[in-house]
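Chemist: Take a look at the letters that make up each chain.
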Amino acid sequence: MNIPVSYIETKNTLRGEYLEVFEQIESYCTTKLMTEQELDDRMTYLLDIFAEAQANNVPVRSVTGDDIKQFCGDFLSDCSWRSLFGYIAQVLKRISWVTVFLLGITVVCELISGNINAADVLMNNSKAASWLAVGVTAGVLMQLAAGLIIRSFIFKAKKYRSIYSKMVNGTIWTAGIAAVIVFSFSELTLPVSDAAVLVLSVLYLAGYYVVRGILNQKNGHRFFYDGSQKQRTTFGQQVVTSMVGEFRRDYDKKNERLARKGKPLMSQEDYLAKTVKDTKAAKISTIVSFGLIAAGYISSIISVAADSAPADTLFYAATMVIVLVILYFVIFYPLVVYPYLIRKKFFGILEKSGKNLFDKDAYDCIAKYYEDAE
Amino acid sequence: MDDTQLLKGIPQGGILSVISRGETYGYEILSVLNEKGFENLIEGTLYPVLTRLEKKGLVSSRMGKSPLGPSRKYFSITSAGQEYLAGFIENYRRITDIAQKILIEEE
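Residue numbers (our numbering), protein chains in the order written: chain A, 1 to 374; chain B, 1 to 107.
There could be a bad hint or two in this list.
What the hints assert, rightly or not - Straight line, CA to CA, 27 angstroms or less: simulated DSSO-like cross-link-like pairs of lysine-lysine:
#1 B/Lys-73 / A/Lys-218
#2 B/Lys-73 / A/Lys-32
#3 B/Lys-65 / A/Lys-345
#4 A/Lys-218 / B/Lys-56
#5 B/Lys-56 / A/Lys-32
#6 B/Lys-65 / A/Lys-368
#7 A/Lys-218 / B/Lys-55
#8 A/Lys-355 / B/Lys-65
#9 B/Lys-55 / A/Lys-32
#10 A/Lys-69 / B/Lys-36
#11 A/Lys-218 / A/Lys-254
#12 A/Lys-69 / B/Lys-73
Honestly, the hints are just simulated from the structure, not real lab data.
Take these sequences, add in the hints, and give me the full structure.
Modeler: Below you can see the structure in the form of structure tokens.
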């Protein structure tokens, strides 16, 4: 079966102490900054060992020893400055792509609005895109500091791991968005132009991919190898296989909340019925949202047509179509349409094979679907 | 290989020896080593040793699927690894012979 799985998608094969210890080690590993690929490789290796120990009823401590902290120290003993450097290089790559994208959008919007000297926009002292880069950089530094501070607490209580995990996920983008808000409501600018930031970002990206390509070839890979050892399949296949774990986790969390409030627990049948209902509701909200946007678009065309010449109206309509298409593919499709399609596909596959979400071999049933499709 | 490296490299040699018996994976290597008595020595160090062996070209790896769901990395010994292992075993025998003569004679 060629479905690639990041360890996150199959972490829920573990239960009880196996999952608890695995998450402790995972949290500890994330405090040591390394590339995503390196973290994924380590955790995939560990997850496989834990899964087999669980299947053979071998105590988890016979895999890790009694001292989990010692185990983590040994497990990460080969993490050197190279891992940290790789992490920083990867984050700078992302910041550079975001900066190039945002500054590119700025120039396109200026052109659409008729400013033929769009490039001059970039010569002013730096605005939102560069502030975003500053914010994200600050976020990375905060994340590094948080990791160093919280490392010793990771093994003490689950709540520290949860706090740290939220911090890792939220810090960078919170800092980036905060920086953009600060720019928007103040007169602050950076003493460097957007053009300079754009050039630096492009140069960095070029350098990053060239260096990575040279290292790839030295290690016997093709030039544009991205470090992933996962076999290639579509994003849809990966998401569909991960939904088994996602829904099960959601079911466990809902029942934990009900148990804390002293309410009766939800049965699996009720949960499945509710999930199917939510999927239908998602379909309706998708259609309604798009309908509202389309209605807004048509009414704006009508109001422009009332006061403008036909040629201007046509130009306005064409511009709005381009903007709507970009908004659809960049925002609406990934956030609204695609999750709905994935859910629909997921439940369709399960229904076709006569399984439900909680069946032991639900994961295998999804894997078999794609195996048969190949 | 000098003797300092030999003493540090015993777990590494042991792991390479297990891999030389046929394509294998992490849990299987751990189980074999635990059976032979390497229990407390290996747990956290297995991954760094496997990574080091791969970087040196002594083992190769491929990703596959395990019957339990997660991805699994399988390791095989390379020809360079075979040569290294043969040299390691020879040096190991030499140094244990020497150590045995010295320690037993001293007793």
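Chemist: Holds or violated: are the alpha carbons of B/Lys-65 and A/Lys-345 at most 27 angstroms from each other?
Modeler: Answer holds: B/Lys-65 to A/Lys-345 is near 23 angstroms, not above 27 angstroms.
Chemist: Please work out if A/Lys-69 and B/Lys-36 have their alpha carbons no farther apart than 27 angstroms.
Modeler: holds (25 angstroms)
Chemist: Take a quick look at whether B/Lys-65 and A/Lys-368 sit within 27 angstroms of each other, Cα to Cα.
Modeler: holds (13 angstroms)
Chemist: Given the hint that A/Lys-218 pairs with B/Lys-55, does the C-alpha gap stay at or below 27 angstroms?
Modeler: holds (12 angstroms)
Chemist: CA of B/Lys-55 to CA of A/Lys-32, is that 27 angstroms or under?
Modeler: holds (21 angstroms)
Chemist: Regarding the pair B/Lys-73 and A/Lys-218, is the alpha-carbon distance no greater than 27 angstroms?
Modeler: Holds, at roughly 22 angstroms.
Chemist: Please work out if A/Lys-218 and A/Lys-254 have their alpha carbons no farther apart than 27 angstroms.
Modeler: Answer violated: A/Lys-218 to A/Lys-254 is near 50 angstroms, above 27 angstroms.
Chemist: Would the hint linking A/Lys-69 and B/Lys-73 be met if the CA-CA limit is 27 angstroms?
Modeler: holds (24 angstroms)
Chemist: With a cut-off of 27 angstroms on the C-alpha distance, tell me whether A/Lys-355 and B/Lys-65 pass.
Modeler: holds (22 angstroms)
Chemist: Is the hinted pair B/Lys-56 and A/Lys-32 satisfied, with a Cα-Cα distance of at most 27 angstroms?
Modeler: holds (24 angstroms)
Chemist: Given the proposed pairing of B/Lys-73 with A/Lys-32, does the C-alpha separation stay at or below 27 angstroms?
Modeler: holds (23 angstroms)
Chemist: Does A/Lys-218 pair with B/Lys-56 here, judged by a C-alpha cut-off of 27 angstroms?
Modeler: It holds: about 13 angstroms lies between the C-alpha atoms, which stays within 27 angstroms.
Violated hint: 11 only; the structure is consistent with all others.
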